[in-house]
Amino acid sequence: MSQQEHIGPSTEELVVEAREALRDRTRRRAARLGDHFKREWQIYVLLLPTILWFALFLYKPMYGLQIAFKDYSIFRGIDGSPWIGFEHFRTLFENDQFLRAIRNTVIISFFTLLFGFPAPIILALMFNEILNQTYKRAAQTIVYLPHFISTVIIAGIVITAFSPSAGIVNTVLEWLGMDPVYFLTKPEWFRPIFIGSGIWQEAGFQSIVYLAAIAGVNPSLYESAVVDGASRWQMVWKVTLPSILPTIIIMLIIRIGNLLEVGFELIILLYQPATYETADVINTFIYRQGLQQGQYDLAAAAGLFNAVVAFVLVMTANTISKRVSRTSLW
Amino acid sequence: MTRKNTTRFGRETMRKSTLSAAFLATTMLAQPGFADEHLRIVEEPLELTVHFHWPRNQGYEEDYPVEQAAREMTGIHLKDATAGRNTPDHNEAMNLLLAQGDLPDIVGGNRIKDPVNQYGPEGAFLPLGDLIAEHAPNIQAVLDAKPELRDAMASWDGNIYYVPYLPDGEFGRAWFVRQDWLDALGLERPDTVEDLYQVLVAFRDQDPNGNGEQDEIPIFLRHWEELIRFVTLWDGRSTGSDTYHDFYVDNGEVKHPYATEGYREGIKNIAKWYEEGLIDPEVFTRGTSAREYLLSENLGGITHDWFASTAGYNESLQEKVPGFDFAPMLPPESISGTRIEEHRRTPLKPDGWAISYANENPVETIKYFDFWFTEEGRRLSNFGVEGEHYELVDGEPVFTDAVLTADQPVNSQMWEIGAGIPRGYYMDYAYELQWTSDAAREGIELYEQNDLLIDQFLGVSLNEEEQAVYDRYWPSIQTYMLERQQAWILGTGDIEADWDEYMAQLDKRGLSDVLEVMNSAYERQYDS
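Which chain is which? The protein sequence lines are A and B, in order.
Mapping of the first sequence onto this note's numbering: residues 1 to 330, in sequence order.
Mapping of the second sequence onto this note's numbering: residues 1 to 528, in sequence order.
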């Protein structure tokens with residue numbers, strides 16, 4: 001205290017000066033902000049619909065999340081239903097089938113990421129190496145096609161392909177002298193079939209992003225690599241991949257955010273009670289318990305749990321990425 | 001905005017007409033013989049709004065010829081106010097309707113029983129018992145004649161909240177066998193389980209389709225759940241109602257078929273047959289095209305499916321498969337010598353209509369519901385409009401040639417004019433018989449001569465506490481049952497080795513609690 005008083009005068013002056021400077025800056029910034037809005041208002045008007053869309057379709061429905069903690073009756077409405085705390089969560093976690101669904105969700109998601117994420121990158125690199133333009137375009141169109149086919153049809157194709165009597169897979173197995181397998185009733189085959197058909201359907205379409213990124217790589221990098229005597233393999237490894245790395249990382253983080261959103265429509269179309277053991281995921285569990293049985297509150301609790309886990313995953317991925325590669329979503 | 005205005009306008013009209021309707025009420029008792037006037041309910045036209053959701057058309061068309069005829073006869077005019085018109089899912093439509101809170105006067109369509117019985121006691125729908133007793137003599141007469149239906153319709157609080165669609169006729173699915181294959185191999189129709197086994201083995205090994213390959217599929221089914229019905233051959237049960245995997249009633253006690261000894265024995269044998277190649281190896285994934293494909297490729301031998309549609313292949317495949325004869329046969333005798341057909345047409349559908357709490361003319365509405373149970377109303381709802389779709393021949397309605405010979409099946413033609421739709425009405429089996437093929441008709445006669453039908457479990461209405469117990473345990477029990485069932489049939493598990501563990505698991509998952517609430521609800525509903 002006394003020491004501060006001792007050097008008082010100069011400090012006071014400094015403080016006053018600083019305060020004035022601050023006031024000045026704030027005033028100027030406010031003026032600048034006003035100018036900014038005046039100048040750029042069209043951009044904000046353009047932004048408005050998106051903000052409204054988010055508010056209406058993503059933030060407003062969050063109000064309904066409370067039914068996860070209520071004994072919900074659709075006629076009494078959200079407000080009229082009584083609170084019951086964590087009862088639904090307790091019910092869920094006492095249910096071994098829900099725990100199994102969590103396990104299956106994590107396993108399927110993990111392997112989908114492990115095999116499904118690199119697939120479009122590899123595909124894009126391969127397309128990039130094709131020199132014949134006609135062949136390249138034809139090949140691209142063919143691999144994009146499955147993306148535009150409805151899931152129901154995809155399931156039909158998968159069921160037929162793996163059918164023990166008429167399916168192409170079993171026909172090939174028989175040529176090789178093996179016994180036909182009724183794949184879709186074998187729990188151990190469900191995940192490979194599901195993940196594989198997912199990759200077949202989406203890898204082509206997802207490769208577009210990477211193709212675009214590759215097209216943006218500065219050609220002089222390749223030219224100098226050629227001068228340095230790099231092989232094509234080395235160019236892919238040392239030029240193309242590092243150049244599109246930021247795109248890859250952003251795509252990876254987005255994928256991780258959607259990690260737990262397993263494409264359950266395809267699972268519902270492909271699974272059987274016989275394969276529940278490996279196929280039943282959180283979303284199919286919600287579908288059976290919640291929608292078919294009308295237990296919206298319990299389903300909301302399961303969905304909320306799914307969302308919380310997904311949130312933690314995307315936060316973690318983003319933080320790690322920020323530290324390791326300095327690329328991040330925010 | 002527009003909708004609200006219409007409603008308000010509608011209510012205005014209604015209120016005015018209530019008075020005149022009250023005067024009329026005394027004179028409108030159903031008296032057959034008078035001209036159309038005796039069916040009139042209100043003097044001045046009355047508009048009622050209706051939510052009407054059913055799979056083939058999400059809504060109620062005001063220009064249905066049947067609606068227009070009904071309007072003329074009764075003076076009551078239904079205006080469509082269906083919620084969720086763009087969803088084919090009845091649960092979703094009903095929930096959209098309830099969630100919006102503002103209910104129309106009448107709520108109807110398919111599968112309304114459960115929601116109506118659940119939200120009726122909460123105040124969403126009017127209890128109909130007294131209204132029916134006072135104002136609906138024709139509905140009352142049906143309920144008096146079939147008291148078990150009244151029990152089955154009721155909610156847990158004992159009230160009736162909907163007027164149901166009552167199907168007529170008894171048989172639904174039946175056993176079919178390729179008679180021409182039997183003839184080719186010199187075999188008799190199988191009459192016991194052992195016979196059936198021999199026939200299946202012969203179908204598998206002796207090339208009845210004569211193409212030189214062992215590609216025959218002795219048993220095939222469109223719905224794999226029908227395979228479970230084969231446990232009846234070993235005195236088990238697969239379900240008690242026309243819903244798969246349902247509870248059944250045994251000597252006044254509600255039980256679940258998948259926890260009984262007959263089921264154990266049945267699944268053991270089905271698994272054996274599956275392993276021996278007597279059952280379609282792809283039964284679980286072949287799906288609804290199984291019948292069409294396997295019959296037209298001349299590959300399938302025996303199935304269990306609906307009378308009319310299955311018999312229909314005898315005509316449609318005559319050219320493609322020469323000599324094709326897919327004949328209905330009696331169910332084989334079980335190992336204990338009983339012969340039952342587990343499936344039958346349910347006498348009570350969960351479809352129909354109800355009166356909402358917002359309805360200001362409940363008396364007129366119940367009289368309107370009653371109209372469909374009068375002689376004229378029942379004809380209108382089954383056969384369409386007289387002179388246009390049917391003629392009265394000796395007092396019996398007969399479809400016109402134009403209807404019978406049209407390209408479209410009769411039932412879809414009826415749906416388009418507003419007949420045969422799931423309003424509360426009483427089906428007349430004569431309507432279906434007129435366009436049922438001869439092969440199916442013979443089969444139905446065969447089934448009628450033998451006493452094959454068993455009682456159905458028509459369901460219980462659970463109160464809030466019971467519902468909570470059911471919701472808590474049942475989904476996971478059923479999931480577990482079905483998982484084990486398929487594993488045993490596919491041979492990845494052995495039912496004999498697993499049975500004790502299976503029963504212990506069912507107990508651990510709360511089957512006894514579920515059975516307890518089912519039985520308490522059953523006693524409340526059917527004993528009084």
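These are calculated hints, taken from the structure and not from any lab test.
Among the hints, a few may not be true.
Claimed, not checked - SDA-like mimics (lysine to any residue), calculated; alpha carbons at most 25 Å apart, straight line:
1. A:K136 to A:F117
2. A:K186 to A:G198
3. A:K136 to A:A119
4. A:K186 to B:K349
5. A:K186 to B:Q486
6. B:K272 to A:E188
7. B:K508 to A:Q293
8. B:K349 to B:Q486
9. A:K186 to B:W499
As the structure is a computational prediction, the values presented were derived from the model and not from experiment.
Consistency of the hints with the structure:
The hinted pair formed by A:K136 and A:F117 meets the criterion: a straight-line CA distance of about 22 Å does not exceed 25 Å. For the hint pairing A:K186 with A:G198, the CA-to-CA distance comes to about 18 Å; that is within 25 Å, so the pair holds. Between the alpha carbons of A:K136 and A:A119 the distance comes to roughly 17 Å, so the proposed pair stays at or under 25 Å and holds. For the proposed pair A:K186 and B:K349, the alpha carbon gap of about 37 Å is over 25 Å, so the pair is violated.
With a CA separation close to 11 Å, the supplied pair A:K186 and B:Q486 stays within the 25 Å bound. With a C-alpha separation of about 23 Å, the suggested pairing of B:K272 with A:E188 holds against the 25 Å cut-off. Taking the CA atoms of B:K508 and A:Q293, the gap is near 21 Å; set against the 25 Å cutoff, the hint holds. Distance check on the hinted pair: B:K349 and B:Q486 sit about 30 Å apart at the alpha-carbon level, beyond 25 Å; violated.
At roughly 21 Å between alpha-carbon atoms, A:K186 and B:W499 fall within 25 Å of each other, so this suggested pair holds.
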